[in-house]
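Residue strings, one per chain:
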Amino acid sequence: MILIKFRATLIILSFCLSSSLFAFDEVEHRILADSVFESTIRETGAVNKHNSILIPFGQDEIIIPRNFGGLGTFGKLVAIFAADDQKQHRFHRRAETVLQQIRRIEPDEFAQCLSAALSWVKSDSSAPDKQIVESIHSDNVIGTYLIHHLAALRIAASMNGTDNQQFSKALVWEAIAQGYLADCFSSGHMILPVHHFISELQMKDRRDADRHHSLTGIFVINAAGYVWQAFGDGALLWYQPSYQHVFEACQSSLREILLMFYQTRGVALPEKLSNWFTKVGHAMSLAKAIDSWLTIQQLDSLYDTPFAPTLLPTLQYLPVPVAAAWSTDSEEIVIDDFHKRKYYPQLNELSARDTSLYGIENEFLLSRDDFPDWMVAPPIKDSLASNPQKLIKENVHWASVAYVQSLSPVISFEGLTIDFGASWVIDHGEIAPSIGLGYGFHDDLFQIRNLGVGLRFYPKSSSSASSALSAFGAIRLTNPIQISLLKIFETIGGETGVVSELEKSGNFGMHLAVSLRSKPHSFKSMHLGLSFEFAYEALTIFSPAINIHQFSARLVLN
Amino acid sequence: MIYSRRQALLQIGKYALSSLVFNQASASLLNALNVEPEWKESRMVLSDLHVHPLLDKWIHSSPLGKQYPLMFKLASKILNKTSLDWERCHNTGINMLCAAHFNPFDEFASMPTDLNPDAPRQTIRMLDMLEDEINENAREYAKLVTNAAELEDALKIKPNDSRFRIAVIHAIEGGHALGGDLKALDELAERGVAMITITHFFTKGVGSSANSLPFFPDHSAPPPVQGLSNFGREMIKRMEELGIIVDIAHATSTTLTGILECSCRPLVASHSSSRTLGDHPYSLYDEQIEEIANRGGIIGVILMPYWLSNYSNVHLSDKYGSLKDAVRTIRHICKISGTHKCIGIGSDFAGYIPGPKEMHRLSDIHKLRELLRDEFDDDDIVEDILARNVSEFFVNNWGVKGKDKR
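Protein sequences, first through last, are from chains Z and F.
Residues in the first sequence are numbered from 2 upward in steps of one, following our numbering.
Residues in the second sequence are numbered from 1073 upward in steps of one, following our numbering.
Think of the hints as simulated: they come from the structure by calculation, not from any bench.
On a predicted model such as this, the values are computed, not experimentally measured, just so you know.
Certain hints may be false.
Unchecked claim - Keeping only pairs whose Cα atoms sit at most 27 Å apart, straight-line, the calculated DSS-like set for lysine-lysine is:
1. Z:Lys394 to F:Lys1429
2. F:Lys1407 to F:Lys1153
3. F:Lys1129 to F:Lys1153
4. Z:Lys391 to F:Lys1153
5. Z:Lys520 to F:Lys1149
Stated by the list, open to error - Residues from chain Z shown here face chain F by an in silico Cβ test under 8 Å; the list is partial:
6. Phe220
7. Tyr359
8. Gly360
9. Asn363
10. Val402
11. Ala403
12. Tyr404
What the hints assert, rightly or not - Okay, the calculated bits of chain Z under chain F, using three or more residues with CB under 8 Å as the criterion:
13. 72-80
14. 338-348
Ideal placement from N, C-alpha and C gives every residue a C-beta, glycine not left out.
Just need the whole structure built from these sequences, with the hints factored in.
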């Protein structure tokens, strides 16, 4: 009894530990959002006062509590509403530009978000209902951020309550938006297989991609002309350049809320805010920008403007994976008078890219139609029929830059597997089929990796008077030894279990097997992998004694 | 068919022998095919700014290497993926090699800031080892040259002449090799050291160095900002007084700025890349390329693809990295500087670096040559880039003391 309780305790502890490990994202969201909030709000001249923040507001002042929505700091609020980290709408669409993803926003989705936000503002509730909020989204993280942010801007603009209340509520809804905004910058949220029915059964495709790309990093590009290596969940606070970009974007988003609030009430902008908008707006009128934030119906018009930058400054920071870029001089100094480069994405069209590059993921060279005009490199735009090689060879200001990275779906051992095989039975020299079903455990469930279970069915053959069913446990080790002769194999596995003759009940035995499995071949952007496996199996029935030794070749779908 | 044990052993032996014979024969044939008689008889083949012919031997002869021979042999097999062989290089017609001496035990066995006072003695031992190696095992293939005049004489002998030898030059990688003592420079100059790389993996009190360990990616390395130290400035001044060429490879942009300020002779970037194409702190900004070129210096393009482009990890550069990365870099430097005369090759072969996928031996340099011929369509330019620019630079600048007249 004690032993059972001990085992149960161990399992529960494992579950709790693993759950808390995946809650690491919460810490990152909280720290990022609190840092953004503290640094940005100070630009208004705000000071702390007991448990409140005092913000100078023209002749008056606004006082907002530090405890937002009764739930905690601004960062805590962001973390709470960002808890549904693995949901589809927290991920980018694979190989789509920012413009394409904004275009996916349905009018209903935006209307629903606006309606929910304004309803909550009128209510007495201190914080929006989490379930309602989570049900409002587009089909991608960029679209979802945008609709929530626009809703927060509308709240900031409306005059329903006192200035204190309105501003506080605008910040609460902006906290919801900021969780999505941070996820826009997570490399683990940028590469997603196409959504298909099998991934409905198991969330492992998003989790696999998230885990893999978050830690290995992805080269990304944004409309502001920057390229950097982005990291994701678990590595956000670690790599300063990656962190800096998401920080700037979140800061920009919060500044837009502040701008809206000041402008709609006719209060003079604090100097720092004004200077910031002058810098990012590039002579765009603040009144025109704010008007568009409030009235625009075609949301992609916020991004696809006839001139740079976007009408909503934050949108220019949003990154997408990059395969190749055109790089040119810029005025920005990096260090010691060395100039930073400005980057434009290379495009899918042959006349707009460097065809001599290799190793790059061509899937991520996107079409010119899916970029605003000002994001196309000027020499390419001006003479689309020309040979880009001439530009590369002769123009000292422009260069073609490759970013070689693996953006293919990451197939893991975990989850459902189906295998179809044929075995050569050694003593009898005949070929016998088999079919199996397996499941690899997720390490976040049991704190264990590379263990699984399976069932395999062996039909009746001349070497066996009865069909058999084997139930086994499996362990697979990936890349344990780099053996040059066996480069095609990635995994060594072992299986052990019980085998039973189906036509003769009561006849049990043992199943042992060792196998070599190849690296999975993925079906383009589907999260399915096909592997080859070669195995040696020994099936032994105890009574009557039957020993079957066979070499098996299998196709494994995972 | 069932074999007896004897029969099985006989079969295995026959197979092994035939494989060996086949491999030898095919290797000789391939080696012969690698050589282009026309090219090497009329033109220079390669003057490499940076190779490590004895790094493996040095490591294996160290106390640690002797204590754990299998471990270091395994490390060499796995990590040292490029090689140079004296005989093959000689047959290929390679003209000049700068043998970069680097003692990893000096660098790694202490803190990044600490100097090893014993380093100069170890450095002299490395010079001795190379000289012994050439005298004992490579006398028919290579010859050590200790000054510009000897180099010029050696380069005049063509590969079809029986007196032809690869001209090998002593070079030191990392100012830490001085152990903080400027007097060591005098002995090194006397021994015929032509060039010293100011920094290497770590600052070591000389100057901040950029991350250059590809398995330790840039995003993991803290950005170095110190620049050139006072010792580094004095070192450069003394080197120029002695006529030792200053090599700025591995320096951060801040350190290089310091070097450009205090040096008054043409500089070498012995094994470098372009930051525009490969955005690493290790690589050179376009402004730096222009400045080095304007001062009459040489930029040696490294043949390690990881630094030449942007690979998200070293495994992808192993898979996709090729000589084309080097050709793109050469083209870019040519475009930025306005001349091909400032470009050379600093392969870094045999230095525990992963090379391009189609070239693991320095004697396969014809592969790069073919790509350059396609790119430039001018054999004079190709010859300049591969060999002549570097050779002439050393003949004209090695041992030259004082300010450049430019």
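Quick rundown of the hints versus the structure:
The straight-line distance between the Cα atoms of Lys394 of chain Z and Lys1429 of chain F is roughly 25 Å, inside the 27 Å bound, and the hint therefore holds. A distance of roughly 31 Å separates the Cα atoms of Lys1407 of chain F and Lys1153 of chain F; the hinted pair therefore is violated under the 27 Å criterion. Taken as a hint, the Lys1129 of chain F and Lys1153 of chain F pair is honoured in the structure, with Cα atoms around 15 Å apart against an allowance of 27 Å. At most 27 Å may separate the alpha-carbon atoms for a hinted pair to count; Lys391 of chain Z and Lys1153 of chain F exceed this at roughly 36 Å.
A threshold of 27 Å between alpha carbons decides the hint, and for Lys520 of chain Z with Lys1149 of chain F the separation of about 25 Å falls inside it, so the pair holds. With 8 Å as the threshold, the beta carbon of Phe220 of chain Z comes within range of chain F, its nearest partner Cβ sitting at about 6 Å, so the hint holds. Checking Tyr359 of chain Z against chain F by beta carbon gives a least distance of about 6 Å; that is within 8 Å, so the hint holds. Annotation: Gly360 of chain Z was flagged as interfacial toward chain F, and the flag holds, the nearest CB pair being 3 Å apart, inside 8 Å.
Because the beta carbon of Asn363 of chain Z sits about 13 Å from the nearest beta carbon in chain F, more than 8 Å, this interface hint is broken. Taking 8 Å as the C-beta contact cut-off toward chain F, the hint placing Val402 of chain Z at the interface holds, the least distance being around 6 Å. Satisfaction of the interface hint for Ala403 of chain Z is found here, the shortest Cβ-Cβ separation to chain F being roughly 5 Å, below the 8 Å cut-off. Against a cut-off of 8 Å between C-beta atoms, the interface hint on Tyr404 of chain Z holds, since the closest Cβ of chain F lies about 5 Å away.
Check result for the segment 72-80 of chain Z against chain F: violated, 0 residues qualifying (beta carbon to beta carbon below 8 Å, three or more required). Under the rule that three or more residues need a Cβ within less than 8 Å of chain F, the assignment of the segment 338-348 of chain Z holds, with 4 such residues.
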